[in-house]
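*Asks:* Here is what each chain is made of, one letter per residue.
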Amino acid sequence: MSGPDDGELFVAELLRGSLDHCVKCTICETACPVSNATPLFPGPKYAGPQSERYRVADEPTVDASVDYCSGCGICSQVCPQGVKIAEINAQARHKLKRQKGFPLRDRVITRPTWLGRAGTPTAPIANFTLRFKPFRILGEKVLGVHRDAPAPAFAGRRFSKWARKRAAGARVSADSPARKVVYFHGCGTEYYEPWEGEKVVEILEHNGFEVVVPKQDCCGLPLQSSGLFEEGRKVVIRLAKALRQHVTDEDTIIVGNATSCTLMLKREAREILSLQDDPDLKFVSERTYDICELLLELHHRGELKTDFSPINESVAYHAPCQQQGHWVGKPALDLLALVPGLDVREMNARCCGIAGTYGLKVEKYDIAMAVGRDLFDQVAASGAPAVACDSETCRWQIHHGTQLPSVHPIDYLHRAYGLAQNGAGRNGSG
Amino acid sequence: MRRSELHFDAVVIGAGTAGLVAGTRLAQGGAQVCVLAKGVGSTHLAPATIDVLGYAPDRVPAPRPALEQLIAARPDHPYALLGTDVVGEALSWFAEIVPRGPLPGYVYGGSLEHNQLLPTAVGALRPSALVPETMANGEASRLERVCIVGTPALRDFHPSLCAANLERAGIEARAVSVDVKLDRADMNTLGLARRFDDEKWRRQFCSELSLTLRAEEAVGLPAMLGLRDPHEVLADVEHRLGRRVFEIPTLPPSVPGMRLYEILRSALRAAGGRLVLGAEVVSCDREGDRVTAVSTHAAGRDLTYLAPWFVLASGGFASGAIELDSHWVTHERVLGLPLRGVPAEGEPRFTGSYFDEQPMARVGVAVDSDLRSEGAENVLVAGAALPGAIPWREGSGEGIALASGYRAAQVAGAQVTPTAATV
Chain Y
6 MSGPDDGELF
16 VAELLRGSLD
26 HCVKCTICET
36 ACPVSNATPL
46 FPGPKYAGPQ
56 SERYRVADEP
66 TVDASVDYCS
76 GCGICSQVCP
86 QGVKIAEINA
96 QARHKLKRQK
106 GFPLRDRVIT
116 RPTWLGRAGT
126 PTAPIANFTL
136 RFKPFRILGE
146 KVLGVHRDAP
156 APAFAGRRFS
166 KWARKRAAGA
176 RVSADSPARK
186 VVYFHGCGTE
196 YYEPWEGEKV
206 VEILEHNGFE
216 VVVPKQDCCG
226 LPLQSSGLFE
236 EGRKVVIRLA
246 KALRQHVTDE
256 DTIIVGNATS
266 CTLMLKREAR
276 EILSLQDDPD
286 LKFVSERTYD
296 ICELLLELHH
306 RGELKTDFSP
316 INESVAYHAP
326 CQQQGHWVGK
336 PALDLLALVP
346 GLDVREMNAR
356 CCGIAGTYGL
366 KVEKYDIAMA
376 VGRDLFDQVA
386 ASGAPAVACD
396 SETCRWQIHH
406 GTQLPSVHPI
416 DYLHRAYGLA
426 QNGAGRNGSG
Chain S
20 MRRSELHFDA
30 VVIGAGTAGL
40 VAGTRLAQGG
50 AQVCVLAKGV
60 GSTHLAPATI
70 DVLGYAPDRV
80 PAPRPALEQL
90 IAARPDHPYA
100 LLGTDVVGEA
110 LSWFAEIVPR
120 GPLPGYVYGG
130 SLEHNQLLPT
140 AVGALRPSAL
150 VPETMANGEA
160 SRLERVCIVG
170 TPALRDFHPS
180 LCAANLERAG
190 IEARAVSVDV
200 KLDRADMNTL
210 GLARRFDDEK
220 WRRQFCSELS
230 LTLRAEEAVG
240 LPAMLGLRDP
250 HEVLADVEHR
260 LGRRVFEIPT
270 LPPSVPGMRL
280 YEILRSALRA
290 AGGRLVLGAE
300 VVSCDREGDR
310 VTAVSTHAAG
320 RDLTYLAPWF
330 VLASGGFASG
340 AIELDSHWVT
350 HERVLGLPLR
360 GVPAEGEPRF
370 TGSYFDEQPM
380 ARVGVAVDSD
390 LRSEGAENVL
400 VAGAALPGAI
410 PWREGSGEGI
420 ALASGYRAAQ
430 VAGAQVTPTA
440 ATV
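Same order as they appear, the protein sequences are chains Y and S. In terms of the numbering used here, the first sequence opens at residue 6 and continues consecutively. In terms of the numbering used here, the second sequence opens at residue 20 and continues consecutively.
Bound conformation, chain Y alone (with noise of 0.2 Å):
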């Protein structure tokens, strides 16, 4: 199903009905990191279970606040009642903007893929006009994206490309059969950081994995969280579907670096889009894992290569929301643990403010500076040089807000791994 159907008021109706466990009891306020920064959203509680008694299925929406939630999740995360807030109010933000209609931009940036074929070959031409201020204030006014908002810069190349080439070369083969693993790689990956795809793949291979790469496109999370819900289901099953076709038996798994999209095939795309029974994406869901998240599984069960060679560096980490909504902890701490030397400081800070494309909006790129100030702050105070987080967009606004490079853990366990010497690294990183 990818319509507003049967299916989809029944999934409505049971994050609805979570509502009846809200004891009003303000925790998820307290953890709210925008209504903490400004006061055009509300919190949590009042934008959900408050408004929820509200809201009548086929009447005008009653919202306009719950727009300013950024969807960052962290209040379904401390709910000690377990109550869907961030899901409940996703939907309101989609019936919302529904009705008020979506801007022209919400259509454009929520689409990863088309800027990334548009800019990938003209990257030099792209990167310099998205850093020339006339165009920027030019798109700020015309289109309504900020106009200082962190803009990646375009690789110039496309991470499937040099997949495609590897697998062709010759493989080194393993004497027993590898275990396989599906590579989720997303956007981000493909167009804008090609070589955290080429770790993945080299850390993977070193543990002994036969690594496949499917043609594969956007996972729909950045039209989910602006509300174009339709849309969102279109891709999302689409890319279910072409990582399925892989999976060809029990044991093989799919592994993904981008946190926010892994969360979005494992829950978020199941519970927001009311796509709970949609069998690809179900069957996807239950094999998808982060990739520190699988490598400290491996770790556990004794099967991670700990061959690491020290880093004599410090660095702070931050775990995005996103990453926190897994609901596996910080796999990443005990991951850089594991390399000797490297002093890793955990900070704590709630969100960077980005929230995908929350922060690029011109509406919405103050509160999210704001929101982003505690983490900017502790980064500043740890005194560390660099700043690992598991979220590409995370980065990027990291990076924005500290001017300290920003990279993924992963990262780390490459260098340790002692693969940069003569495989990917490559990068462009900062």
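Hints in this document: simulated from the structure, not taken from any laboratory. Note that this is a predicted model, so its numbers are computed, not measured. C-beta atoms are modelled at their ideal positions from N, C-alpha and C, and glycine is treated no differently. You can trust all of the hints, since none of them are fake.
Taking CB as the label site, the calculated pair distances span:
1. Y/Lys287 with S/Gly355: 22 to 30 Å
2. Y/Asp382 with S/Gly261: 29 to 37 Å
3. S/Val126 with Y/Ala375: 26 to 34 Å
4. S/Asp202 with Y/Gln104: 27 to 35 Å
5. S/Ala114 with Y/Ala183: 50 to 58 Å
6. Y/Arg171 with S/Arg21: 23 to 31 Å
7. Y/Asp256 with S/Gly124: 51 to 59 Å
8. S/Leu343 with Y/Asp153: 52 to 60 Å
9. S/Gln223 with Y/Val113: 42 to 50 Å
10. Y/Ala183 with S/Asp104: 53 to 61 Å
11. Y/Leu19 with S/Asp202: 32 to 40 Å
12. Y/Val113 with S/Gly124: 45 to 53 Å
13. S/Gln223 with Y/Arg378: 17 to 25 Å
14. Y/Gly346 with S/Glu163: 53 to 61 Å
Every beta carbon over 10 Å from chain S, so not counted as near; a handful from chain Y, in silico:
15. Gly22
16. Ala62
17. Thr66
18. Val67
19. Lys100
20. Gly106
21. Thr134
22. Ala156
23. Arg171
24. Gly174
25. Lys220
26. Lys239
27. Gln281
28. Glu368
29. Ala425
Listed next, the stretches of chain Y that the computed footprint assigns to chain S, with coverage defined by at least 3 CB atoms under 8 Å from CB atoms of chain S:
30. 29–35
31. 85–98
32. 292–301
33. 325–334
Based on the hints, put chain S in the right spot on chain Y.
*Replies:* Just chain S, lined up with the frame of chain Y:
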């Protein structure tokens, strides 16, 4: 498909005071610990004072002798399993870790020898053994003249109600309301605490307030003296107002409770313990009288945690960990452990008057004298899941949570051999 599994020396279920204390103590002892919680626990809702024993049933002036009497009279009470020495040790340990936490200079004061009487939001005097420094000046014996201060934006705090009841307790009290500029019509103590963290805003608040104050008058404020550096905020506000100032606990969200959570959470992390929020335990594996693993709903699939020891610190009826279902059957919902204290078939479960002692109130997981669950020898129980207490009548909730979390870690820790596999 392989099951997703992680291995630890001990897994703690619940991230309230009992769970965080148990996790921290185990981690400090060298164990690889993981604390699992459905969400943030009770800390954010409670005043954050450590109330050991306030009423037995009359108001208790000194917890230690009253504890001894309670232990003698009620062998089924958690304190009887713990003993006064463990309670004392746990309190001392707690008082020592607070200043090593993330809030510079912030300390708790008090002991088992003396209960401090502190005003509540309605102006009643509540007995606590340990209190944060921001509340210490509210101790009734130190209050002669006091001005209770509210602000119109904080709609759930009524300074005149608080002052009127303090008057009835023999303290000269009056109320004022300071209308400070805020960018919203209403704001809870959390929003105000963030303002108090800002030095400029604080200065403005103090200058407006000082216009209304009289000589020789202490100031009682709803608990909102900052989240980042309450020690400094208190000192600064006292300096600016030129008098003693104290915080009064409020309705949730509890700012001092958020500080307590941060102190305990960072103690756990500093000791190497892990904390996973959103991780509701939905099932467990058993081998005979042992629980071998618990599983949580993670995104996409379940994640299983294996350990030789488990600490159940999931709370009681209030958190939903113990429930009375519509068929009048009582369950421990997390691990399905046997309960104690459930009124027998045909006996009354409740009494007519809300504030009376309710027969259901003492229900908890059946444990032995080492806090081991009946029927699950490697599961230790801590906090509100323990049977035999009525914390809201006794004023004993935090004392039981702290001491039983501490004791559970002692019992398990003595037998945990840190594994080499998970460094």
